[in-house]
Amino acid sequence: MMPWIRIAGLMLLFCSMYLVLWPVPVEPKAWKAPVSPGYTGEFSANDLLDKPTKLNLPELHGPEAAAFDRDGRLYVTTHEGWLLRSNQTDDALEPWLDLGGRPLGLDIDADNTVWVANAYLGLQKVTQQGEINVVADQADGIPIRYADDVAVSPDGKVYFTDASTRFGAEEHYGTLEASLLDIMEHSDNGRVLVYNAETGATTTLLDGLTFANGVALGPEGAYLLVVETGEYRVHKYWLSGARQGQTDVIIDNIPGFPDNIHAGRDGRFWIGLTAPRSSILDRLAGKPGLRKMVQRLPAFMRPQVGLYGMVIGIDGNGKVVANLHSPSGKVYTTTGALESETHLYVTSLTAPFLAKYAKLDLGGL
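Letter 229 of the sequence shown, counting from 1, is numbered 229 in full-length UniProt numbering, and no numbers are missing.
Treat the hints loosely; a few may be bogus.
[Unchecked claim] The calculated DMTMM-like cross-link candidates involving lysine to aspartate or glutamate, where the alpha carbons are at most 25 angstroms apart (straight line), are:
#: 1; residue 1: K125; residue 2: D155
#: 2; residue 1: K125; residue 2: D71
#: 3; residue 1: K157; residue 2: D207
#: 4; residue 1: K54; residue 2: E94
#: 5; residue 1: K359; residue 2: D47
#: 6; residue 1: K125; residue 2: E170
#: 7; residue 1: K29; residue 2: D188
#: 8; residue 1: K32; residue 2: D282
#: 9; residue 1: K236; residue 2: D109
#: 10; residue 1: K359; residue 2: D50
#: 11; residue 1: K157; residue 2: D137
#: 12; residue 1: K125; residue 2: D91
#: 13; residue 1: K236; residue 2: E171
#: 14; residue 1: K287; residue 2: E27
[Said to hold, decoys possible] Distance windows between CB atoms, simulated:
#: 15; residue 1: E171; residue 2: E80; range: 45 to 53 angstroms
#: 16; residue 1: G200; residue 2: V321; range: 34 to 42 angstroms
#: 17; residue 1: T199; residue 2: P37; range: 38 to 46 angstroms
#: 18; residue 1: P327; residue 2: D248; range: 27 to 35 angstroms
#: 19; residue 1: R283; residue 2: D315; range: 27 to 35 angstroms
#: 20; residue 1: Q129; residue 2: G306; range: 41 to 49 angstroms
#: 21; residue 1: G208; residue 2: D361; range: 35 to 43 angstroms
#: 22; residue 1: V305; residue 2: P95; range: 27 to 35 angstroms
#: 23; residue 1: R283; residue 2: T89; range: 49 to 57 angstroms
#: 24; residue 1: N317; residue 2: T199; range: 29 to 37 angstroms
#: 25; residue 1: G306; residue 2: G100; range: 43 to 51 angstroms
#: 26; residue 1: P327; residue 2: A358; range: 14 to 22 angstroms
#: 27; residue 1: Q244; residue 2: H61; range: 39 to 47 angstroms
If you're looking for bench data, these hints aren't it; they were derived computationally from the structure.
C-beta: ideal position from N, C-alpha, C; glycine also.
Assemble the whole structure, with the sequences as input and the hints as a guide.
Here you go:
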């Protein structure tokens with residue numbers, strides 16, 4: 001046998017053994033992915049998000065979430081751990097507080113207290129005097145490993161997600177890396193938690209979710225909308241009334257990875273789609289062994305998705321009422337949107353700016 005044939009055979013054997021035996025942190029579960037509708041029908045492509053006004057983040061990036069306080073000031077979380085706040089006269093963002101960790105979702109209550117879902121630390125309470133406290137880092141005896149989004153109800157209860165109890169964001173080198181592991185494994189370990197400020201207790205409201213992500217409250221706190229990223233869908237959990245404690249899926253088979261959800265105006269809820277769906281990943285849904293092999297590949301060889309910005313608006317029953325795209329990737333890794341009377345602010349996992357649009361330029365929302 002020629003030496004080069006022997007070498008090639010040994011290399012092939014080594015590669016085969018690597019793909020089958022090399023340890024990886026995921027134990028994928030089989031599931032059935034729906035066939036993506038793509039950018040058709042109510043999700044038809046357009047370029048409405050291609051011309052943003054870019055609000056500068058001072059040497060920072062990753063404006064994951066945004067919120068207004070009761071005085072109309074704009075707050076933004078960043079990848080570096082800073083909470084930015086606008087000045088008193090316009091939207092110019094300035095560093096306000098270094099929260100540490102990786103702050104993701106935020107909401108602001110009637111007293112202007114800022115609540116932050118910090119992926120590395122848990123649920124944070126931030127006062128206007130600049131006091132920062134972690135008020136919840138475990139629930140029902142289980143550590144909070146990936147606090148993701150937060151919504152404060154009129155009665156003062158704070159609802160937030162623990163995206164994955166398996167893959168902690170800090171332990172797995174960042175929020176994106178941990179989310180990819182959780183979605184690849186698909187072991188339904190995300191949960192929705194509720195913090196009671198009066199008692200200091202944090203309990204589980206809903207579990208068994210594949211990467212529990214955005215949360216938003218309906219009018220008067222009657223229900224909670226919950227984004228389940230790994231299943232491309234949104235749940236409606238009833239908090240009061242005859243259906244209290246029951247859950248419905250109000251929209252599913254979304255043609256991208258849904259992230260945050262934020263209550264807007266006129267009954268709208270805004271959802272950011274961080275990336276398009278991967279047809280390869282969907283086809284491997286029922287093949288956990290192959291998904292494990294894919295996880296053994298170098299990152300650059302795994303299924304990739306392009307930069308594509310997309311935000312949709314739904315009503316409280318899941319009907320799509322707005323559909324905004326940036327096919328050119330002028331805005332990208334879109335995580336959600338914040339709506340004012342005249343403008344829409346689109347957040348991002350990785351961008352070095354916060355995108356702002358006049359609603360008149362978006363079809364007069």
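Hint check results:
1. K125 - D155: holds (16 angstroms)
2. K125 - D71: holds (18 angstroms)
3. K157 - D207: This hinted pair holds, its Cα atoms lying about 18 angstroms apart.
4. K54 - E94: The given pair, whose Cα atoms are some 14 angstroms apart, holds under the 25 angstroms limit.
5. K359 - D47: Satisfied, since the Cα-Cα distance of roughly 14 angstroms is no more than 25 angstroms.
6. K125 - E170: Holds, at roughly 20 angstroms.
7. K29 - D188: Roughly 9 angstroms between the alpha carbons, so the hint for K29 and D188 holds.
8. K32 - D282: holds (8 angstroms)
9. K236 - D109: Roughly 22 angstroms between the alpha carbons, so the hint for K236 and D109 holds.
10. K359 - D50: holds (14 angstroms)
11. K157 - D137: At roughly 16 angstroms apart (the allowed maximum being 25 angstroms), D137 and K157 satisfy the hint.
12. K125 - D91: Holds, at roughly 23 angstroms.
13. K236 - E171: Violated, at about 31 angstroms.
14. K287 - E27: Answer holds: K287 to E27 is near 12 angstroms, not above 25 angstroms.
15. E171 - E80: 45 to 53 angstroms: violated (19 angstroms)
16. G200 - V321: 34 to 42 angstroms: holds (39 angstroms)
17. T199 - P37: 38 to 46 angstroms: Hint holds: Cβ distance 44 angstroms, inside 38 to 46 angstroms.
18. P327 - D248: 27 to 35 angstroms: Because 32 angstroms falls inside the window, the suggested range holds.
19. R283 - D315: 27 to 35 angstroms: For D315 against R283, whose Cβ atoms are near 32 angstroms apart, the range 27 to 35 angstroms holds.
20. Q129 - G306: 41 to 49 angstroms: With a Cβ separation near 44 angstroms, Q129 and G306 satisfy 41 to 49 angstroms, so the hint holds.
21. G208 - D361: 35 to 43 angstroms: Holds, at about 41 angstroms.
22. V305 - P95: 27 to 35 angstroms: holds (32 angstroms)
23. R283 - T89: 49 to 57 angstroms: holds (52 angstroms)
24. N317 - T199: 29 to 37 angstroms: holds (33 angstroms)
25. G306 - G100: 43 to 51 angstroms: violated (33 angstroms)
26. P327 - A358: 14 to 22 angstroms: holds (20 angstroms)
27. Q244 - H61: 39 to 47 angstroms: holds (41 angstroms)
Violation of the numbered hints given earlier is confined to hints 13, 15 and 25; the remaining hints are satisfied by the structure.
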